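Here's the letter readout for the chains.
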Amino acid sequence: MKIVGLTGNDAVAEAMRQVDPDVVAAYPITPQTELMERFAEFVSDGIVKTELVLVESEHSAMSACVGASGAGSRVMTATSANGLALMWEMLYIAASCRCPIVMTVVNRALSGPINIHCDHSDSMGARDAGWIHLFSENSQEAYDNTLQAVRIAEHPDVSLPVMVTLDGFIISHTLERVEILEDEQAKKFVGDFSPKYSLLDVQNPVTMGPLDFHDFYFEHKRLQVQGMENARHVVREIGKEYGALSGRDFDYFESYRMEDAELAVVALGSAVGTARGVVDELRDEGKRVGLLKLRVFRPFPRREIVELLRGLKAFAVMDRSNSFGSYGGPVFSEVRSACYGQGLELPIVNYVYGLGGRDTTFEDIRRVYQEIEQMASSGKAPDDIRFLNVRE
Amino acid sequence: MATLKDLASREDLLTGGHRACAGCGMTSIVRQILLVAGKNVVVGCATGCLEVTTTIFPYSAWRVPFIHSAFENVAATVSGIETAYRSLRKQGKIQEDMRFIAFGGDGGTYDIGIQALSGALERGHKMLYVCYDNEAYMNTGNQRSGATPFSAHTSTCPVGSVIKGKQQFNKDLTSIVAAHGVPYVAQANGAFWKDLTTKVEKALSVDGPSFLNVLSPCVLGWKYPTDETVEISKLAVDTCFWPLYEVDEGVYRITHVPPKKKPLGEWTKPQGRFRHFHQPGGEALLARAQAEVDRRWEKLLSISEKPRKPGQ
Numbered sequence: 000m001k002i003v004g005l006t007g008n009d010a011v012a013e014a015m016r017q018v019d020p021d022v023v024a025a026y027p028i029t030p031q032t033e034l035m036e037r038f039a040e041f042v043s044d045g046i047v048k049t050e051l052v053l054v055e056s057e058h059s060a061m062s063a064c065v066g067a068s069g070a071g072s073r074v075m076t077a078t079s080a081n082g083l084a085l086m087w088e089m090l091y092i093a094a095s096c097r098c099p100i101v102m103t104v105v106n107r108a109l110s111g112p113i114n115i116h117c118d119h120s121d122s123m124g125a126r127d128a129g130w131i132h133l134f135s136e137n138s139q140e141a142y143d144n145t146l147q148a149v150r151i152a153e154h155p156d157v158s159l160p161v162m163v164t165l166d167g168f169i170i171s172h173t174l175e176r177v178e179i180l181e182d183e184q185a186k187k188f189v190g191d192f193s194p195k196y197s198l199l200d201v202q203n204p205v206t207m208g209p210l211d212f213h214d215f216y217f218e219h220k221r222l223q224v225q226g227m228e229n230a231r232h233v234v235r236e237i238g239k240e241y242g243a244l245s246g247r248d249f250d251y252f253e254s255y256r257m258e259d260a261e262l263a264v265v266a267l268g269s270a271v272g273t274a275r276g277v278v279d280e281l282r283d284e285g286k287r288v289g290l291l292k293l294r295v296f297r298p299f300p301r302r303e304i305v306e307l308l309r310g311l312k313a314f315a316v317m318d319r320s321n322s323f324g325s326y327g328g329p330v331f332s333e334v335r336s337a338c339y340g341q342g343l344e345l346p347i348v349n350y351v352y353g354l355g356g357r358d359t360t361f362e363d364i365r366r367v368y369q370e371i372e373q374m375a376s377s378g379k380a381p382d383d384i385r386f387l388n389v390r391e
Numbered sequence: 000m001a002t003l004k005d006l007a008s009r010e011d012l013l014t015g016g017h018r019a020c021a022g023c024g025m026t027s028i029v030r031q032i033l034l035v036a037g038k039n040v041v042v043g044c045a046t047g048c049l050e051v052t053t054t055i056f057p058y059s060a061w062r063v064p065f066i067h068s069a070f071e072n073v074a075a076t077v078s079g080i081e082t083a084y085r086s087l088r089k090q091g092k093i094q095e096d097m098r099f100i101a102f103g104g105d106g107g108t109y110d111i112g113i114q115a116l117s118g119a120l121e122r123g124h125k126m127l128y129v130c131y132d133n134e135a136y137m138n139t140g141n142q143r144s145g146a147t148p149f150s151a152h153t154s155t156c157p158v159g160s161v162i163k164g165k166q167q168f169n170k171d172l173t174s175i176v177a178a179h180g181v182p183y184v185a186q187a188n189g190a191f192w193k194d195l196t197t198k199v200e201k202a203l204s205v206d207g208p209s210f211l212n213v214l215s216p217c218v219l220g221w222k223y224p225t226d227e228t229v230e231i232s233k234l235a236v237d238t239c240f241w242p243l244y245e246v247d248e249g250v251y252r253i254t255h256v257p258p259k260k261k262p263l264g265e266w267t268k269p270q271g272r273f274r275h276f277h278q279p280g281g282e283a284l285l286a287r288a289q290a291e292v293d294r295r296w297e298k299l300l301s302i303s304e305k306p307r308k309p310g311q
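Line by line, the protein sequences give chains A and B.
Position 43 of the first sequence, counted from 1, bears residue number 42 in numbering that gives the first Met the number 0, the numbering being contiguous throughout.
Position 130 of the second sequence, counted from 1, bears residue number 129 in numbering that gives the first Met the number 0, the numbering being contiguous throughout.
This is chain B alone, in the form it adopts within the complex (with noise of 0.2 Å):
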């Protein structure tokens, strides 16, 4: 496992400059990831934020091989390119030990990705798949998807006087993955840097797919400050919305236990898209989703095993 000093030592991957918002969580994520991958690696991205603002012709912010196809097919993508390192590698045409890393957002991989992952995993390229899950179609100004929370503003899905948000809860793609039964499944978070990195350590290390599912605060969609992400970020997982918990070889873990279980509240009070939680009628719907919450964090700690101390 990767020290704070021995990664702050490396070479950035993802070069400054690039056109991602101020406090924007993806970019760290990916920084994170690419310093833990090291050189000897090819990124494929999907249509989304992270492409956009990385590569605008003629500039790129990639210090590794990088491509970008369309929306909705990144993960089929990056399966063509580990398949023709395999078979090169097979004829003796290249030496080099590599390493492929595909990264799509929510809306790439909840919604209109998923035929490609899931077809991706069930075909066990060696390759991981990281989404950035900002938990709506941020590029095109917040519009509703798979990942949005219950009750969350979006532009597709507004706040009214008579629908509140989006009328669903989000879907749990951790666990669609998990289903695959791939060697390794892990859901993380850029503010926990050491859990992050040794996950990446992990999912690089597996011999076939491996997933990770980021949490990835987007100031304009979430709509809080641009020096809060890192706080924000850690309160998805102090209240439980954003548990994180490995699948390793089928076994569920949970990486780590908050000391204690924050109310829904904390988190959902600093961003503008969860308001009307807080204004006076809104009670109802934050117990809703706290409930949510409850539930799926009952039934994450029925099926891991046993937690380690809270804190740890």
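Same shape as in the complex, but just chain A (with noise of 0.2 Å):
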């Protein structure tokens, strides 16, 4: 293990260094671009044996990363906002090819207006395109989450492409504190790739991708979630395997000063850095407080968040992103359905934040803190989404 100053974009692109994959295609966008750049440098200076495939579009893209999956190589990319949203057909094709890429989404806001800093609304966008979800919180985190990524996504029971997401320039762009694994360690963790279907195996040609009608369609749509479901325990196998190598467990949350809380915010990416500071704050000045940081979002770990909440007297989801015209966005919607018919008759409160980069700061989350002691004395949720830190 060492220890290095690493942004975001440069620990995701040592945890692709380590990995050495056989192949990644890439376009840039930011803010993924020095990711790439810097594993562009990698390629050039022969550290790594990949690839290096620069198409001409995101699209293409995601195509040549299905061809190139499809052939029997490990494939990695990485993409931000639209050009996450110009693969879109293609994120579900590679999915339903269950093609196990893994890709970083540096996250950044979605047109329009075009703005190139950080929210969700890229990613959360994609959340029913077949593909799992991973969060992080720091560059840490970014580095960890892409390296266990790989193992997931090639997991026999899973055969699923896996995103692993950090905010767009909060943690793509800032130098941070990062324990690097030894090269050796991480390639071990990885271990080889063994494809059970390849192109170029001409021996025994298989067609991948065929015109699927209703006699069958719905079938392969069933075996697909059956390998999401099957990522459910693989995530935590594979947390607890990395846990043991690294001394950082990874489950699907990670509670924080939960234990006696009465009070809570759901909350994933650089935002639950925030939160902690303002829980530690909140705890010396006597509240039961606690907080949610969820990092696996797609498979959604709806039995166990509820298990965590049970027992609070009111709470708060964060969304960095909106779903226009539904009640609240896609966080808020996964927690609250998953607490349907569980018991918990409580208070529970959607935040919209940070939309196209906007500071959350400890006064953002001290009142949201605030409101919901308010919503926990008078046993009621606002009747609608609350969005923070907006003039309106």
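Mixed in with the good hints, there may be bad ones.
As the list claims (entries may be wrong) - Part of the chain A face toward chain B, derived, beta carbon under 7 Å:
#1 Val22
#2 Glu55
#3 Ser59
#4 Ala63
#5 Ser72
#6 Val201
#7 Pro204
#8 Val205
#9 Met207
Hints listed in this document are in silico derivations from the structure and should not be mistaken for laboratory results.
This one's a predicted model, so the numbers in the text were calculated from it and none came from an experiment.
Cβ coordinates follow ideal geometry from the N, Cα and C atoms, glycine included.
Could you fit the two chains together into a complex? Lean on the hints.
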């Protein structure tokens, strides 16, 4: 293990260097660009054996990834925002072809208006594409998640693509202390990829991506659902194995000072770091507050999350993206739906925050805890979504 | 160069039993290409007639590895396969010498797929891209494409009482591809088997991207009898609507000069999509189409190596 100072982008590039994938196909987009620039240096200096394909669009990036994965190679890529949106069609196809591609999504607000800063509208919009989604709080987790993602994606019970997200600029461009595994440790953890089928096996020709009508399509989708369900135990097993190796355990989520908490915030991404600080301050003031950091958004750990929220008097769910016209952002919808019928009679409120990179400060999070404290007293949640730190 | 006897003795790598229409030009073109390519080949296919008729799950007509992923991206998909091959071969994980062929229709090539095609050509992947050009979106019922000829009837540019079919000329895709400066580009036609198979051999032997634009008559869209596909194909060449030529390392060479250049009307007359050319009032449209064919043919002659004797 060694300790280095890395930005989020550099941390992921380090993980990719250690994974040393057979193929990377990518297209530059802010704020992902530095990640691929860094990795391209590894390629040009012969530090990795990867064949890097610098395609002419993100749609072609994901298409090339699907082809390369179908050919039995280990494949990685990275993108942000509009790049992810341009891949949309291919995200679904990559998942349905059961391609274990690992992609970093450096979260950025989806146009329009055009904006280069962080929110989660890009990856949250892709939440139904059939990818496993891992969120990262900081550079360390971006590194750790990337290594684990390769194992999760390629697990024979799963065989699905994995998206590792990190907040654009807030994580991607911020230098932090990161613990890096020794190369040999990382390589041993990731292991070799043994695909079940390969297009390059001319002795056993297979047809991939055939036309699939009403008589079989549904069964194939059901199998895809099962792969995602299987990921539940695989994510946990690999999180434990990685914990034994690195000293950092990973699960669906991390609960912070939740033991005797009455009030809590559910959040993901870099805002968790801010919320953690607020929890410490409020605890010092004698408030019984906690924090639930969601790491795995797909598959959504609905049963486990309810058990942690049971016993609270009120909680807030933080969403860094909108779902226009729905009651709450994507995280809220999932969490609140998970609570239905589970005997949780308590106020649950949704805060949409940080769109387009709007800062979310200690004061903002403090206000959230203050408001849910009032909701706990009244026993009532507001009838609508709350927007944090916006001029209305 | 393979002889007909030799080709006929090889295993067909696209089996019968697929669902292509009777008289379809596409499948005979693909079979000829695969006879030359052999078994150490991976095929990628854009969404379209070829994919839809040959891979209805749980059946597949392909005896070689095959992938379809989407409509506009076969060049990108196959570039990924070819890259994986180079990576694994470099690492000693694969030993075979392999070839990669992408098939796309004119919709998937001239129109929605041209960006992915251009990118793959520029990147220099060692792959053959074959456009089977049936001159409209035939898989979905004959909608206009960038390859649809002037004034042809399609379901989205019908011949009406005011507007007579497509108002523009077809895009010269072969020239666009040639402008990328890739090692080998050619136009071919399924009715000229020797010309086609020779071009496939050349295309698969170059160290870099190659491209074949193959005219692929469509019985339903072009509206002609199912047993006239070969004849219609030949007339496209003999009228110089579809010249057979190659661009070999930048040198243009006409590979078949019609013994006598026939009037365009001989090709359009048997086709229902050009029926209005041959009805009262259609002469001017046919004349305009003829003028463009003449212009393109003269231009091709002017930039090509001196043609061999007519008929060769």
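Exercise for review: Report holds or violated for the interface hint on A/Pro204, using the least CB-CB distance to chain B and a cut-off of 7 Å.
Suggested key: Constraint on A/Pro204 satisfied, holds at 5 Å.
Check your understanding: Does the CB of A/Met207 sit less than 7 Å away from some CB of chain B?
Key -> holds, 4 Å
Point to revise | Restraint check, 7 Å cut-off on beta carbons, for A/Val205 near chain B | key: holds, 6 Å
Practice item. Using Cβ atoms only, decide whether A/Glu55 comes closer than 7 Å to chain B, and label the hint accordingly. Key: holds, 3 Å
Point to revise | When the least beta-carbon distance from A/Ser72 to chain B is tested against 7 Å, hint result | key: Holds, about 4 Å.
Point to revise | When the least beta-carbon distance from A/Val201 to chain B is tested against 7 Å, hint result | key: It holds, given that the least Cβ distance between A/Val201 and chain B is near 5 Å, below 7 Å.
**Study point:** Interface hint compliance - A/Ala63 to chain B, C-beta minimum distance less than 7 Å
**Key:** holds, 3 Å
Exercise for review: Classify the hint on A/Ser59 as holds or violated, based on whether any CB of chain B lies nearer than 7 Å to its CB.
Suggested key: This interface hint holds because 4 Å falls under the 7 Å limit.
**Study point:** Supplied contact hint for A/Val22, tested at 7 Å Cβ to chain B
**Key:** Check passed: Cβ of A/Val22 comes within 5 Å of chain B, closer than 7 Å.
Checked against the numbered hints listed earlier, the structure breaks none of them; every hint is satisfied.
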